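Asker: Protein chains in written order, with the working numbering: chain S, 1 to 438; chain W, 1 to 60.
In case anyone wonders, no lab produced these hints; they're calculated from the structure. Possibly wrong hints are sitting among the right ones.
[Stated by the list, open to error] Derived, one-sided and incomplete: chain S residues facing chain W with beta-carbon distance under 10 Å:
(1) Val36
(2) Gly43
(3) Tyr44
(4) Phe47
(5) Gly277
(6) Glu280
(7) Leu388
(8) Leu392
(9) Tyr394
(10) Leu397
[Claimed, not checked] What follows is a list of derived Cβ distance ranges for each label pair:
(11) S:Asp401 / W:Leu54: 48 to 58 Å
(12) S:Ser431 / W:Ile43: 22 to 32 Å
(13) W:Gly39 / S:Gly56: 49 to 59 Å
(14) S:Val385 / W:Ala48: 54 to 64 Å
(15) W:Leu54 / S:Val333: 49 to 59 Å
(16) W:Gly39 / S:Ala300: 28 to 38 Å
(17) S:Arg422 / W:Ala48: 39 to 49 Å
For clarity, every value in this text was computed on a predicted model and none was experimentally measured. Ideal Cβ placement from N, Cα and C applies to all residues, glycine included.
Given next are the chains, with one letter for each unit.
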Amino acid sequence: MAEQRALAEQKGTAESGRGVFYGWYVVGAAFFMVFVSAGFRQGYGLFVPAWGDHFGASVAVFSFIASAGWVVNGVAQPVVGMLADTHGAKRVTAWSLAVLGASVAGMAVAPNVWTLAFFYITFASFAIAGAQFTPVTPLIARWFVRKRGAALSVLTAGGSAGAMLLIPLAANIEALWNWRAAIGAIAGMTLLLALPLVLIVLRDSPSEMGLAPDGDAADAVSAARRGPIPEGPLTVDRWRNAYRSAPMWQLTLTYVVCGVTTAIISVHFVTFAKTEGVPETTAAYAFGLLSFMNMTCVLALGVVSDRFLRKNALAVIYAARGVGFLALLVLPVSSGLWAFAVIAGSSWLATVPQTSALAAEIYGIRNAGAITGMLTMVHMLAGAVAVLAAGLAYSLLGSYDVVWLASAAMLAAAAFLSWLLRERELSARFSPVRPAEA
Amino acid sequence: MGIRAHHSEPTDPELLTWLVHALDGVIGQGPVVMVAVIGFVAIVIPLALAVLALRRLRRR
């Protein structure tokens, strides 16, 4: 046993000295998994007109299916997080991809709208939760310590890339053939590309390969001896105990604001553009710019946050988004839209890796899946409620001004709450604790 | 494209139509070219990653 360990340590030391650190292969595989699952989920709306024609159902039916899928996906987040904490992220993601691929294939051959709804709500929406950020966050956190923000940012950008490439791919396949071919292609990518990639590449922890986090040769020996579970200053035995401390509530409340402000725009953008008389092309280009900004800035902020306090990065991100909402309120609509695209777009996804990294660094990795899942669930459900509230406000007032003002105020509060986090005292980056035995 | 949701919430169908039209206008290629190019990228990247990872794992 001691010989095997020594051999692993030697290999780890040797490997870390040559080529790309294996952790980046793990990030690459997780990126592609998120690319496929997020691209499929965001592309749901693409098929609604074709489904309406084919099945003779109204948009309301497909809206209900999307809403039900939203709730299932939100509730599934802590479940897949706990499963990842217990059984390992690789097992959870592989099973999720298998179920997702099979259910998407079922959607592609669905004979009626109810079969389609059954596959989407019951299986696909649940499985997507297991093929995205929640189960992979603790895995990435095990592979990276110093570069954790950068690695989680690359993972997050996978969702953006999925929408940027998979949705046009599906739209063009639909244009060439039909919606069944487009959905079938996504099922094929899930089962034939993403699933094998995860099975081949993913490893739950660098210690499985005798490596140390970040590819550190010097730490390989001690890392292998210590075990694979880095702790945080507020490490908890059970995820729910995290809610007995202030940082968990700070992260939860700020993430609620994040969910509220992103969901409102995602659903009300078209109505807002039409109300303000923004031409379709201008609105689409502004939205494209927002998407470009969010993908580039999430990567840049990920790298930057590894060098500075993450809580300050989060505060700046929320404040910037608040300024973006104020721009919608005070500037003429055309310039306000472009300003929003640049300022708020740069903040759009950047909260995800920062919040996940902070949670892992404060509460350790033992329950990181469940904690990330809880944060994600709250983010999603708060967003769903906010969409309804914003719609009600628009119906009553005939304008989104109050919604933008309320969003800016909430974002200012979120920025302040983030800034108040006692990261230097409570993060493993600044207050290292002795890691637990595996 | 529509990437404003952190957790990939389904995108508004009308907004997706706008974005696809805008992208078609910018790139100006037909569906065959788009499917060929994006499909190639989407297949080659995971295959290359799997091959490189397998080589690394075998070396160990």
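Asker: Of all the hints numbered above, which does this structure not satisfy? Sort the numbers upward.
Answerer: Those not satisfied are hints 5, 7, 8, 9, 10, 12, 13, 14.
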